[in-house]
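Here's the letter readout for the chains.
2 protein chains.
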Amino acid sequence: MTRILATPSQLAEARDARAAYRAGAIAPTSGVAHGLVQANLISVPADWAYDVLLYAQRNPQACPVLEVLDAGATESLLAPGSDLRTDIPQYRVWRDGELAEEPTDASTAWEEHPDLVSFLIGCSFTFEAGLVDAGIEVRHQTLGRNVPMYRTNRACTPAGRLTGELVVSMRPIPGDRVADAVQISGRYPAVHGAPVHVGDAAGLGIADVQAPDFGDAPEIRTGEVPVFWACGVTPQAAIMASKPPFALTHAPGYMFVTDVPDANYMV
Amino acid sequence: MTRILATPSQLAEARDARAAYRAGAIAPTSGVAHGLVQANLISVPADWAYDVLLYAQRNPQACPVLEVLDAGATESLLAPGSDLRTDIPQYRVWRDGELAEEPTDASTAWEEHPDLVSFLIGCSFTFEAGLVDAGIEVRHQTLGRNVPMYRTNRACTPAGRLTGELVVSMRPIPGDRVADAVQISGRYPAVHGAPVHVGDAAGLGIADVQAPDFGDAPEIRTGEVPVFWACGVTPQAAIMASKPPFALTHAPGYMFVTDVPDANYMV
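Going line by line, the protein sequences match chains A and B.
The first sequence maps to residues 1 to 267 in the numbering used here.
The second sequence maps to residues 1001 to 1267 in the numbering used here.
If you're looking for bench data, these hints aren't it; they were derived computationally from the structure.
Bear in mind that the values here come from a model prediction, so they are computed numbers and not experimental data.
The C-beta atom is built at its ideal place from N, Cα and C for all residues, glycine as well.
Heads up, a few of these hints could be off.
Beyond 12 Å from chain A on every Cβ pair, some chain B residues (computed) [to be verified]:
(1) G1024
(2) L1077
(3) S1107
(4) D1133
(5) D1176
(6) D1208
Among the chain A residues that face chain B by a calculated CB cut under 8 Å, a handful are [as the list claims (entries may be wrong)]:
(7) P45
(8) L53
(9) L54
(10) V65
(11) A263
(12) N264
(13) V267
Just chain A, with the same shape it has in the complex:
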């Protein structure tokens, strides 16, 4: 589907980043390879694949599927030469819904389950490039932190054995740029699209916006409004709630960097 190709310098940055993560480097990926799509990972044994794909279909704003690999496959079409077992900075291994470990290399986990089906799910880091290009500060990038993410009180639509709540990411946006942020992100429905909520975090059942469930605490300045987008960590909440025997995911904020320009997903 890639019609708009990455520039040589973008490609070099993406490939260098994946190579560094493969060699063991660990850092949140927000801002890496500006203008290229990043993706969330969830890999499950083949007999759970239909449930995951159906959950994604029924909750498309949180779980926009960019690619589904065949069982056992590890090279993404979105990044030729990639290896999903090694090219993400940090992983999470889940056993019966519990976080078991956070390795930087998932090869061992893959050896345990050679039939894993991997789903790459759109990430809001994609439209952050559009915000930055429009002169809207992405605070966690400025601060060199991970984006804050929160579990909410909004239930996702169940699918098969999967249930769980919506997870959101938050960016503080100046009041006079909220409309721009909505419109820019809204052009990317394949990577969460427009926000799900603007303003009071309590509206999503978030008790303390300064205490995110994943990522780092935000810095919200005077005149800024918290803006919440559906987040690709939502499948991890479903894992916690639904307890499949095994799952592999990225660590929140530590994404799979692809070779595909964001513009391919713009409406």
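Place chain B on chain A using the hints.
What follows is chain B alone, placed relative to chain A:
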């Protein structure tokens, strides 16, 4: 997901239409319940559901999934009170990839396979309302005919046991309205979105634009350009090519009329 509700008169039209089809009325549905979403149907035995959902995910422009019902379920969330076994004007029953019959009631077929999983897939009739509202004539509506549809030489991305080619629908558009038609339909990525091809049908491997594979022959007038959109009959081409033991679909052009306004799928 429905946030924008249908008007009472739209709802009455949709419900009356479904009731008429349930009672045996047969007619193409283009133009019925103006402004409400119509959908393609494909129902397969549960052990084929993952292949269909994956095929749709990998070919989203042709197969944008609006709803996946649980195995055996027959009432669509997009039309409360509906029954997918009876509420479509005409069906196609497929056995081993061959068209076996075209009943107006699919209850008997359902009794054979009580585990059918039904997929409702977006239909280009949805954005036709937008074209009409913009003063762009939808010729097959004017003529009271079915839209012309064509098998093409473009292969879809395979998924599991499913392969097949892209099917397209065609509408002749005046040269000075092609850009408008592209932009209007492009706002509805969940119902095929922007055209896949404009102009010479040979570019899609279509030998004779006057001899569609499904629907009725077009009437292309001087100054008009053939504009081709991805079509929700694409899964039927996959059935023909891949020969699952059983499948149930709508008959091309005879769609499932929902209660959901098009605007819910506009970006």
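> Which numbered conditions among the earlier hints are violated in the structure presented, ordered from lowest to highest?
Replying inline: When the structure is compared with the hints, numbers 2, 7, 11, 12 turn out to be violated.
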